[in-house]
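**Student:** If you want the building blocks of each chain, they are given just below.
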Amino acid sequence: MSESLGMLELARVFGWLHELLVDTGLGEPWVTIITYAVLAVVVFGVLAVLALFLVWWERKIAGHIQQRFGPMRNGWHGWYQTIMDGLKLLQKEDVIIATRDKPVFFWAPVICFVAAFLAYVVMPFGKDLIVADLNIGILYILAVTTFTVISLLMAGWASHNKYALLGGMRSAAQVVSYEVPMVVSILVIVLFVGSLSMQDIVTAQSGNIFNWFIFRVPFGPIAFATYIIAATAEANRTPFDIPEAEQELVAGFNIEYSGMKFAMFFLAEFINLFTVSAIAVTLFFGGWNGAILPSWLWFLLKTCGVVLLLMLFRWTYPRLRVDQLMRFSWKFLVPVTFANLIIGAIIKYAGWYW
Amino acid sequence: MPDLRTQEYMVNMGPHHPSTHGVCRLILTMDGEKVVDIEPVIGYLHRSLEKVCENRTYAQCIPIMDRFEYVTSMSTNQVFSLAAERLAEIEVPERAEYLRVIMLELNRIASHLLFYGTTAMDCGALTPFLYGLRERELIIDLFEMTCGQRLTYNYIWVGGVSKDIPPEFEPKCREAIKIIGEKLDDYQGLLNENPIWLARMKDVGILDPDLAIAWGVSGPVLRASGVKYDLRKDDPYSIYDKFDFDIPTLEAGDNFDRYLLRIEEIKQSIRIIEQALDGLPEGPIRGKVKANFKPPEGEVYCRIENSRGEMGVYIRSDGSKKPLRVKMRGGSFNQLQVLPEIVRGKGYYIADLVAIFATLDIILPEVDR
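Going line by line, the protein sequences match chains A and B.
Read left to right, the first sequence gives residues 3 to 356 (my numbering).
Read left to right, the second sequence gives residues 23 to 391 (my numbering).
What the hints contain is simulated information worked out from the structure, not anything from laboratory work.
Glycine residues also receive a C-beta, built at the ideal position from the N, C-alpha and C atoms.
Be aware that a few hints might be false.
No farther apart than 27 Å at their CA atoms in a straight line, the calculated lysine-lysine pairs in the BS3-like style are these [to be verified]:
hint : chain 1 : residue 1 : chain 2 : residue 2
1    : A       : Lys333    : B       : Lys344
2    : B       : Lys264    : B       : Lys185
3    : B       : Lys368    : A       : Lys164
4    : B       : Lys56     : A       : Lys333
5    : B       : Lys312    : B       : Lys344
Anything over 10 Å on all C-beta distances counts as not near chain B; from chain A, calculated [as the list claims (entries may be wrong)]:
hint : residue
6    : Ala50
7    : Gln83
8    : Val97
9    : Ala206
10   : Ala247
Residues on chain A that point at chain B, a partial pick, calculated with CB under 8 Å [to be verified]:
hint : residue
11   : Arg70
12   : Thr240
13   : Arg323
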């Protein structure tokens with residue numbers, strides 16, 4: 003089943019580049035550094051294109067849910083609308099307020115943008131298609147994705163604006179609250195796999211569609227449900243988009259940002275959306291496992307499916323209030339996830355598990 | 023942390039803010055996320071319409087009235103025409119009265135559909151806004167078909183209406199209200215039982231009926247607090263006494279009841295329109311009115327039930343062709359003034375404030391005039 007056609011042999015490309023560099027007579031640290039730099043540029047390029055695609059896709063989905071077309075003018079169904087938007091943002095004046103906290107204001111979008119990409123170091127895009135298969139993979143992802151909240155807090159603080167500060171504070175409170183149920187939902191899966199490595203998690207679900215963790219009743223679906231709720235909050239999306247709640251805080255933490263700095267927040271948001279969906283696919287939907295099609299395509303298709311689910315949430319639900327959001331996390335999600343963890347542990351060690 | 027020092031801070035919400043429905047400025051005193059006190063500052067949209075009317079003839083005042091409350095400008099036309107007709111003792115033909123009722127009720131539905139959309143949007147649900155506007159479009163098309171305008175109609179004139187409806191109006195109108203009646207179920211299915219919507223709406227922004235009466239609140243906001251008061255029944259104007267319809271009231275007076283009541287009102291308006299279309303007589307659409315008629319010396323106050331409560335016009339005439347003094351009353355003004363009373367000291371969050379502001383359905387041109 004995991005046999006796939008036309009798969010990109012990353013190791014082979016990697017090796018070829020390595021040999022090429024050795025032939026030019028470079029020393030050892032430089033060869034490794036250049037090889038990884040090339041790799042980083044490739045991953046960055048793919049994700050930047052993906053983010054542009056997601057922005058367009060979200061607008062199309064929103065349009066069709068709301069009985070309109072969405073972008074239609076630029077190309078077939080407006081396919082290069084987001085590229086034009088990006089070019090526009092590049093050209094725009096970068097309005098900088100005088101009362102800002104200078105270094106913090108500058109670094110906040112940078113950190114947000116970089117943190118969004120860090121998770122892809124250990125993301126298994128396909129069979130053997132992974133930058134580095136760290137043995138603490140999922141833990142690493144949880145650690146680096148939390149960087150985002152620091153950047154949002156920085157943006158809120160440095161903007162010297164009460165709406166921005168409220169947005170930053172809200173985002174800090176929200177991410178801290180939803181990190182707990184998210185981690186505990188993931189722990190159930192880690193418990194069964196017995197490893198934190200992303201490739202190990204995917205391999206554990208190979209062979210049969212019923213090996214996917216989503217189909218392992220009862221803990222699998224519950225863990226997925228709690229994870230996807232927490233992930234919606236982590237990605238700051240409706241119904242949990244209180245940090246930038248337009249109707250309350252105008253734009254929240256990014257209110258004073260314009261031009262490319264704003265675009266960095268905006269793109270980072272969509273990359274985060276893809277990240278949480280990719281984690282969901284890796285943990286619950288068998289990652290890149292799939293028949294006939296190449297493994298990286300399976301990964302992309304499944305991830306887009308989860309992204310679609312999150313987009314449907316966004317265009318259907320109203321937004322929760324900030325205290326209801328906290329209450330929902332601490333009084334409902336946290337107990338449910340812990341109970342699920344206990345159930346999972348009992349099943350695992352009693353051996354009732356197929 | 024015993025040494026943690028906290029303090030209240032001020033936030034200027036507006037004049038340019040996405041959810042103040044115009045240019046309203048609210049000075050908020052905040053304790054963290056909670057609103058401690060609130061002071062509305064009005065006047066950013068003041069165009070001195072009342073003064074402008076003093077330099078216009080009565081007929082010329084009607085387009086000025088359109089700008090008074092542009093979401094339901096049929097009502098503003100109606101209330102000024104009614105006042106001028108009472109002052110000058112002008113008879114209105116029966117067909118014109120029927121057309122007026124049809125247009126007023128269509129405009130009420132359009133206003134409530136806009137309310138549905140903006141309220142949902144202020145609570146973070148972006149999709150209902152487009153649905154509300156989609157059905158509102160059917161009504162706006164009907165208005166465009168009749169008088170050529172989509173927002174400021176200038177349709178109801180002193181002594182009648184400006185133009186007769188085209189022949190295709192009636193089937194189109196019946197179709198539109200049928201579609202709207204069906205879509206109402208979809209609207210309610212999208213929001214009424216949504217737990218997030220209920221959590222945001224139920225028991226938030228409760229307006230006590232005594233407080234509402236004391237502050238002169240009227241219209242759907244008052245009826246949602248349990249006071250059965252509707253000028254269409256209590257002080258009938260035009261030909262509303264000929265129609266069979268109910269005045270829905272609800273008890274709780276919270277955000278959810280204010281939302282639900284407006285949905286119910288749409289159903290009642292549909293009933294009125296159906297009856298009016300069935301009974302629409304033939305005949306002239308405008309009584310005999312001179313272009314620059316001169317009403318006798320005197321004063322008159324006329325009021326009608328608008329979608330935002332009691333809308334009134336006071337006219338004083340000195341016997342010339344221009345009014346000596348015009349004063350307008352809009353429901354939004356009182357509802358904005360009662361907003362601090364609802365919010366103050368209850369510990370509502372800023373998100374609640376936005377929701378309350380939305381369900382009071384304030385529009386600012388009516389406040390500032």
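**Student:** None of the hints should be skipped; say for each whether it holds.
**Tutor:** Hint-by-hint comparison with the structure:
1. Only pairs whose Cα atoms come within 27 Å are accepted, and Lys333 (chain A) paired with Lys344 (chain B) is rejected, the gap being roughly 67 Å.
2. With a C-alpha separation of about 23 Å, the suggested pairing of Lys264 (chain B) with Lys185 (chain B) holds against the 27 Å cut-off.
3. Between Lys368 (chain B) and Lys164 (chain A), the direct Cα distance comes to roughly 22 Å. Compliance with the 27 Å bound is thereby established for this hinted pair.
4. About 21 Å separates the Cα atoms of Lys56 (chain B) and Lys333 (chain A), which keeps this hinted pair within 27 Å; it holds.
5. With a CA separation close to 13 Å, the supplied pair Lys312 (chain B) and Lys344 (chain B) stays within the 27 Å bound.
6. No beta-carbon of chain B comes within 10 Å of the beta-carbon of Ala50 (chain A); the shortest separation is about 26 Å.
7. A cut-off of 10 Å between C-beta atoms confirms that Gln83 (chain A) is not in contact with chain B; the least separation is 19 Å.
8. With a minimum CB-CB distance of about 16 Å to chain B, Val97 (chain A) clears the 10 Å threshold, and the non-interface call stands.
9. Its beta-carbon lying about 35 Å from the closest one in chain B, Ala206 (chain A) satisfies the requirement of being farther than 10 Å from that chain.
10. For Ala247 (chain A), the non-interface assignment is contradicted: its Cβ lies about 7 Å from the closest Cβ of chain B, within the 10 Å cut-off.
11. Interface hint at Arg70 (chain A): satisfied, since its Cβ lies 7 Å from the closest Cβ of chain B, which is below the 8 Å cut-off.
12. Checking Thr240 (chain A) against chain B by beta carbon gives a least distance of about 6 Å; that is within 8 Å, so the hint holds.
13. The criterion of a C-beta within 8 Å of any C-beta in chain B is met by Arg323 (chain A), whose closest approach is roughly 5 Å, and the hint holds.
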